[in-house]
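Asks: Chains S, B, P and R, in that order, are what the protein sequence lines are. Numbering of the first sequence is given in the working numbering, commencing with residue 1 and proceeding in unit increments. Numbering of the second sequence is given in the working numbering, commencing with residue 1001 and proceeding in unit increments. Numbering of the third sequence is given in the working numbering, commencing with residue 2001 and proceeding in unit increments. Numbering of the fourth sequence is given in the working numbering, commencing with residue 3001 and proceeding in unit increments.
Hints may be right or wrong, so weigh each one.
[Unchecked claim] Looking from chain P toward chain S, a few residues come up when the C-beta cut is under 10 Å (computed):
id: 1; residue: Phe2049
id: 2; residue: Met2102
id: 3; residue: Leu2113
id: 4; residue: Gly2120
id: 5; residue: Arg2228
[Unchecked claim] Here are some chain B residues pointing at chain S (derived, C-beta under 7 Å):
id: 6; residue: Met1311
id: 7; residue: Ala1315
id: 8; residue: Leu1317
id: 9; residue: Trp1423
Worth flagging that the hints you see were computed from the coordinates, not collected in a lab. Where is the CB? At the ideal position from N, CA and C, for every residue including glycine.
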Amino acid sequence: MSEHILSSKLYWTIWAVLICLTGITAWVSTVDLGPLNTVVALLIASGKALLVVLIFMHVKYTSEKLTRVVIISALFWLLILLGLSLTDYFIRRPGLAGGA
Amino acid sequence: MATAVSIAAEREHYLNKEYGIRSWLLTTDHKRIALLYLASITFFFFIGGFFALLIRLELLTPAGDLVQADTYNKLFTMHGVIMVFFFLIPAVPAVLGNFLVPLMIGARDLAFPKINLLSWYCYIAGGILVLHAMLTGGLDTGWTFYTPFSTAFSNTAVVEAGLGVFINGFSSILTGLNFIVTIHRMRAPGLTWSRLPLFLWSHYATSVIMLLGTPVIAITLVLVVLERAFHLGIFDPTRGGDPLLFQHLFWFYSHPAVYIMILPSMGVVSEIVTCFSRKRVFGYYFVAMASIGIAVIGFFVWAHHMFVAGMSLYAALIFSILSYLVAVPSAIKVFNWTATLYKGSVSFSTPMLYAFGFIGLFTMGGLTGLFLAALGIDVHVTDTYFVVAHFHYIMVGGTVMGYLGGMHYWWPKISGRLYPESWGRLAALIVFLGFNLTFFPQFILGYLGMPRRYWQYPPEFQVLNVLSTAGSTILAVGYLLPMVYFLWSMRYGKLADDNPWNAAGLEWKTTSPPPTFNFEETPVVTWEAYNYNELPALEEVRVER
Amino acid sequence: MSDSPAPLALEHTPGLQHHFADMEQQRNASSLGMWIFLGTEIMFFGGMFLAYLVYRMWYFNEFAAGSRTLNLPIGAVNTAVLICSSLTVALSVRAAQLGKRMLLVTLLVLTILFGLVFLGVKAYEWNEKFTEHHVPGYSFHFKQESTEKPVDQGRAQIFFSLYFAMTGMHALHMIIGVGIFGVITWMAWRGRFTPEYHTPVEIAGLYWHFVDIVWIYLFPLLYLIDRRPHG
Amino acid sequence: MFDNFPLWPVRASTTAGSVDALYIFLVLLSAFMSVAIFIMITIFALRYRRRAGREAEQIDGSNVLEFTWSIVPLAIFMVIFVWGARIFFLERTPPRGAAEIYVVAKQWMWKLQHEEGQREINELHVPVGRDVRMIMTSQDVIHSFYVPAFRIKQDVIPGRYTTAWFRATRPGTYHLFCAEYCGTQHSGMIGQVVVMEPAQYQAWLTGGAASGSMAANGQSMFLQLGCNTCHRFDTQGRGPDLVGLFGNKVQLEDGRTIAADENYIRESILNPSAKLVSGFKPIMPVFQGLVSEEQLTALVAYVKSLTPQASGAAGSPSLISPGKQPQEPKE
Ligand code: HEA
Ligand code: HEA
Ligand code: CUA
Ligand SMILES: [Cu+2]
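Go ahead and model the full structure; you've got the sequences and the hints to work with.
Replies: Here's what the structure looks like:
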């Protein structure tokens, strides 16, 4: 088996970071950053998700390219769904002109 | 040859290994599961077809006289739901794909045999729910389930039917999952990606769509069901919801779903065309990549079903231009099939007749898709019989033709018997003629302005409707024939050789029917796909059998 | 070692199914299968994310007001609980790799416990919604916070609809996850996993982490829409 | 020529011709392409049919050919796209000064109202040669307004207005269909459009029993619902002055500016707090559920008619507050 066994210290460290980030995101939401609040919240969430994927789910250590391909294409498709729908929604708002 | 065949008949294979209900209902053999699917989709096809005949009968006269308005609405809804979700989407992948994917890559089974069986049970569970919904109250939303009609106005069994389709969705997802993993992980030694039969490429592409599209329709139907039950308001304009959001979500799946329906059939046609012109396919790489291209670009075009739905103008422009992009890979395929015939050694066997039918009718259906993607024209013809004709040309003229062609082509492998060739050709001809008579008039009807889903219509449309109805009865005969002679041949048909067409491909390298684990020993591939230069046409095939 | 398998010899490898050539092929197939499944899960939640995005853009006011009624400390604590469960899952995979059976079982049991705690807290929150009439349906009523712009009932209801749909789907995944881990724990208890064969622990773990990630996004998207001080 | 066996419906609007032109082009193109492909297949299949002693010649493919038959179709497709998009633009951009018809669809009938006040059900009378714009909404489910002779179709959606326009070119009676499936009597939700010579149309207008123009109806609604208690025609009201609102930009409280179109006015009445006008408090009551779609269209018509200078027949000059000088319309 070409398996990578990680030290439990690493897992605990990641855990600590994740907990801290949770605290930070909860706290930062109460600070007025204008439109940046949403951006920060999403960045933190993505950071946390990335840590989970890379370390807990071992993607960083797997030799398998396919796993990454799968993840990236799923995200790409999510982007298609959201992005192309927004070509409609950005312009068409309730009570706004645009749509016929 | 006769002796070899009779020995084969006594040999143990997947069909005669075990008998009894349990050995079928609990089987994990992909070949048996394929046959379970075959039986069930055939059942649903005839139900859906029966509804189609009733629709056509009602439309024989302008007045709504045969059935009630509500009944008519239920008829076309159930026709659409059954034909799309319970026949066409599983048709080629779940029957031929299930049977052939492991055989073609030299594996002993799909990667997850139990999941494969589970997928059939999802299909059956969904089917039972939908049939039950049909018998108790029916469903009258159209196969598109548009809100707010489906969520707030229809008083039919929307919840049950929605759940049925939802559960059935998992059968698609599980099949797709199995195919992708199998194709990635279980190819025989030497079977590189560039040696993969095009059938597998198209199933790979199909699986991608099944995996990434189906979950979206699943959650959408869940939301519809919840909306109906708890008045969530997500799709309800009286509460600030946007009915168009439903349409976006629905078509995000349902447009790519049309490629779930066509791609596998395209794979079948690639196999047939090469085999019966004894030639390597023209432009292998391009045909393979066209499948992938269709699968990917197919996700970019969904809102072309919503040009007049009240979308923003810019979205309409974007989706129109993207719709044209997806037509390019389809064009590539049509041209390559045609070019494959060039300097081939073409035989007019039944599967090849179906393949010809496919190419011709798909081309016409596809070209009329170009009309629909043109914004200015779609405004006039959307929701008319022009659209109905467009999709029947592709789905019935294309996919069903391809499916029937594939059934004939692989029937000897599946059953170990030959079907009667001249009956086969006759049926193919009847289907082709009946089909055109049924659906060509609908193009004209549509442009003249006859809206779809109409139970009664102004009298000036009658002539064309009568033609269409007449055609549909011919079509019915054409579909009943193969069913009859396939059943007949299971008992009385001539025993088939391992490779009756002398075709390329690993599935022909094992016995007919194959043993439970497909191959006595794992094959090692040392040749390119479609190495027809090494496989001269059989004498028997050349002459009428 | 992937060439021609000899059917008979294989029956002695525990956990190897007949149609795979060897353990490695089987393991790769399972983990690829799980990853692909998670890909479809992304799209499954994606449909709801689209609805969320659209309405949050259109009805920001109502979404912000609705979000403020959610219990932030409880949400944060629950996020932490899930993160802890992810840790125990990650450690349990490690325990399986090292073949430490008792440690593995303990960690798996802990995971299940964390999962149940999460679900319990969720149930508590939902119950709160019931008493506050924040559950979509006939008795829905959203009380106005005095300082703000008036809130449209229908639009507020859309927020709570999405809240319930998203957390509900997530909870459903958690319940399924707890079920799966129950089976895995039992198998571990019976000593079915070895350093050579523990694929089920691994792929169940992938699923669990994924469910965790969904929550990592749901937390800010639902609870933290607009918590800024208001004047 | 095609009277007995027509291939397209009568052309009775200015856009019909351009739609048909593209259609005919596409029919010819498709016929050419499919015939070309069928002929190739037939020739190849017959010429190279299986015969004893002849082997197939293996050909791998040709990149030149592949690129040709990708790029040439793509180029043709782009032509079709641009052509179709141009027609679409035409169909979607109503000319200025069009007569307005308010359409309310419901299961299963069309209720139409002219600016002058005439109400019709399942029948629409319009004059030849005049631009007509329809402002449509639905009371229940989605319907679709379809007149094949005009080649126009537009879904009619509950909860907001969609619009479509045409200019009839030929007197006659044409089908009006509901093209979006809407339940039991979907196929019964049909009617007719009667296109008349202008003179005849005038006669029809005056002949009908109009209960006051839409704007006038709207005005009485306006008084009845007490809108005028806040919206006064000076700057003293608690609500903004509505004169000259329609077609102009509105500055919102949250900083956005928005074009005041029918949908905006609609939302402002049903759901005033959704878009607060800058400088005003959210005190306007919610009229959602208190006014029917028809009353709403009347209110909208009235608010639209409040131009500094009354515009055509729809105007309601009596309400223009004294002291406001009529100005040149900006549009
Ligand atoms: C298997 C099913 C299938 C397939 C493959 C397609 C393929 C295509 N479809 Fe179709 N379609 C449906 C099934 C399908 N469709 C269904 C079911 C509906 C209606 C749903 C409902 O409302 O109920 C529908 C509706 C539909 C609409 C919406 C109509 C409306 O409701 O207003 C549109 C609009 O753009 C469209 C376009 C296309 C296009 C551009 C393609 C393209 O992919 C076609 C590409 C193929 C070709 C173009 C032919 C081959 C090409 C050549 C030979 C090249 C040479 C040509 C030239 C150089 C010109 N389809
Ligand atoms: C895969 C898809 C598929 C297939 C194969 C078919 C096949 C056929 N379809 Fe269908 N059709 C759809 C998909 C399909 N259709 C969809 C998605 C819609 C839209 C629904 C909607 O608007 O919501 C539609 C709508 C539709 C309409 C429009 C209804 C309307 O808008 O009012 C019509 C009308 O002619 C029609 C006709 C036919 C005909 C004549 C066939 C023929 O090809 C069928 C031929 C088959 C048979 C005739 C079976 C033979 C069987 C027997 C003779 C035995 C008798 C039966 C028993 C003993 C049980 N279909
Ligand atoms: Cu109204 Cu169809
Ligand atoms: Cu489509």
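Asks: Hints first: check each against the structure and report whether it holds.
Replies: Here is what the structure says about each hint:
This hint holds: Phe2049 (chain P) has a C-beta 7 Å from the nearest C-beta of chain S, less than the 10 Å allowed. Given hint, Met2102 (chain P) at the interface with chain S, is violated; its Cβ is 15 Å from that chain's nearest Cβ, farther than 10 Å. At a threshold of 10 Å, the smallest CB-CB gap from Leu2113 (chain P) to chain S is about 16 Å, leaving the interface hint violated. The criterion of a C-beta within 10 Å of any C-beta in chain S is not met by Gly2120 (chain P), whose closest approach is roughly 19 Å, and the hint is violated.
Taken as an interface hint, Arg2228 (chain P) checks out: its beta carbon lies about 4 Å from the nearest beta carbon of chain S, inside 10 Å. Here the hint on Met1311 (chain B) is kept, as its CB sits about 5 Å from the closest CB of chain S, short of 7 Å. Hint status for Ala1315 (chain B): holds, given a least beta-carbon distance of 4 Å to chain S, under 7 Å. The beta carbon of Leu1317 (chain B) is not positioned within 7 Å of any beta carbon in chain S (closest approach about 9 Å), and the interface hint is therefore violated.
Given hint, Trp1423 (chain B) at the interface with chain S, is violated; its Cβ is 45 Å from that chain's nearest Cβ, farther than 7 Å.
Checked against the numbered hints above, the structure breaks hints 2, 3, 4, 8 and 9 and satisfies the rest.
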